[in-house]
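Undergrad: In case you want the letters, here they are:
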Amino acid sequence: MKRTMRFLARLYPSSWRKRYGAELDALLEDATPSARDAFDIFSGALKMQMTTWSFGRIMLACSLVGILVAAAVSFAVPVHYRSQAVFTATPASEFTLDTLKDLTRNISSWESLNPVIQEHNLYARERARMPLDDVIEKMKQDITVETLPLASPRSRDRLTFVVQFDYPDPHVAQQVNAALASRFIEGNVDPRLNSHATLQLPAPPNLPLRPAAPNRMGFAAMGLLAGLIAGLAFATVLRSRRTATVGNE
Amino acid sequence: MSDPSLLVLSSLAGGDKHGYAMMEDIELFAGVHLGPGTLYGAITRLEERGWIRAVDSKDRRQPYTITGAGRQYLRDQLANLNRVVRAGLRRLNA
Numbered sequence: 001m002k003r004t005m006r007f008l009a010r011l012y013p014s015s016w017r018k019r020y021g022a023e024l025d026a027l028l029e030d031a032t033p034s035a036r037d038a039f040d041i042f043s044g045a046l047k048m049q050m051t052t053w054s055f056g057r058i059m060l061a062c063s064l065v066g067i068l069v070a071a072a073v074s075f076a077v078p079v080h081y082r083s084q085a086v087f088t089a090t091p092a093s094e095f096t097l098d099t100l101k102d103l104t105r106n107i108s109s110w111e112s113l114n115p116v117i118q119e120h121n122l123y124a125r126e127r128a129r130m131p132l133d134d135v136i137e138k139m140k141q142d143i144t145v146e147t148l149p150l151a152s153p154r155s156r157d158r159l160t161f162v163v164q165f166d167y168p169d170p171h172v173a174q175q176v177n178a179a180l181a182s183r184f185i186e187g188n189v190d191p192r193l194n195s196h197a198t199l200q201l202p203a204p205p206n207l208p209l210r211p212a213a214p215n216r217m218g219f220a221a222m223g224l225l226a227g228l229i230a231g232l233a234f235a236t237v238l239r240s241r242r243t244a245t246v247g248n249e
Numbered sequence: 001m002s003d004p005s006l007l008v009l010s011s012l013a014g015g016d017k018h019g020y021a022m023m024e025d026i027e028l029f030a031g032v033h034l035g036p037g038t039l040y041g042a043i044t045r046l047e048e049r050g051w052i053r054a055v056d057s058k059d060r061r062q063p064y065t066i067t068g069a070g071r072q073y074l075r076d077q078l079a080n081l082n083r084v085v086r087a088g089l090r091r092l093n094a
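Protein chains in written order, with our numbering: chain R, 1 to 249; chain G, 1 to 94.
The shape of chain R in the complex, shown without the other chains (with noise of 0.2 angstroms):
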């Protein structure tokens, strides 16, 4: 024990170790050691190396924590990859518009997607301890299908969008992305639909290569301005603490 607190009694800044630390050694010869006096060396020495922080060292440490958990947590989150399929929709009308949203609506229906999860195994360990309605209701929040605004004058005449599908595997998103596709354009020419547009496929579902979830930097970014504004906050209140102790005294 008494070769535990002498190694706690190193933890002091060596500027305070210059003064106090041979005598703080001579009382720990002295005194009988015990856990409660090993904990009390550790946090005197961690509040000792806390009041003699400047501002700087207080914002730097903190950012730095503050990355690392981000860091930290971005490793936890879930990879995701995302494969797009770019459609072309003629003519650009309210008429179109409501197609693909009747399309839309169509492929997300449970009868659409079910046959797709089992195709693909897809969720298998959610499928597991989820009723398959749950399961349908998460592959819808991995499906999503945006219409682009209206890149040049002269593409006023055809709508452009996007079907994306999230998937932690990036060639079963892709695979996943094709069938989503291939739905579309079945469904554009079913006669129950009624439709008068016409379909393109200009970039079929692609194959991701980089993951689109988590993203690190931005989780970096994240932990970095959170260590910052925590910095801040911790350099605030260190100071009006030393600042009520000499006013105290």
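Honestly, I wouldn't trust all of these hints.
Unchecked claim - The list that follows gives simulated cross-link-like pairs (lysine to aspartate or glutamate, DMTMM-like), each with its CA atoms no further than 25 angstroms apart:
#1 R/Lys-47 x G/Glu-24
#2 R/Lys-138 x R/Asp-166
#3 R/Lys-2 x G/Asp-25
FYI, nobody ran anything at the bench for these hints, they're computed from the structure. Computed from a prediction, not measured in an experiment: that's the story for all the values here.
Given chain R, put chain G in place with the hints provided.
TA: Chain G in isolation, oriented as in the chain R frame:
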């Protein structure tokens, strides 16, 4: 009373002492065990404020003495405490 600074000043008011002697003395007169970290935190603060100072010694066990300013501070603090104690007792017995 468990303020380490007041306990250290009260101990030194009875004569110069080094760290371990202060720990034992405080335990004896106040029944409070000051850990080494707490004790040296208080010694550091008190010396910075000029309320105690190190006494010349060749021993590693550095003795400290209370200064005039330290005595005055201790006297003021104890007077305040005394007022609180008397008021509390008076109200308890009322």
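Undergrad: Under the criterion that the straight-line Cα-Cα distance not exceed 25 angstroms, is the pair R/Lys-47, G/Glu-24 satisfied?
TA: 24 angstroms, holds
Undergrad: Does R/Asp-166 sit within 25 angstroms of R/Lys-138, going by the straight-line distance between their CA atoms?
TA: Holds: R/Lys-138 and R/Asp-166 sit about 11 angstroms apart, inside 25 angstroms.
Undergrad: Taking 25 angstroms as the top limit, are the C-alpha atoms of R/Lys-2 and G/Asp-25 close enough?
TA: Holds, because 22 angstroms separates the two Cα atoms, which is no more than 25 angstroms.
Checked against the numbered hints given earlier, the structure satisfies every one of them.
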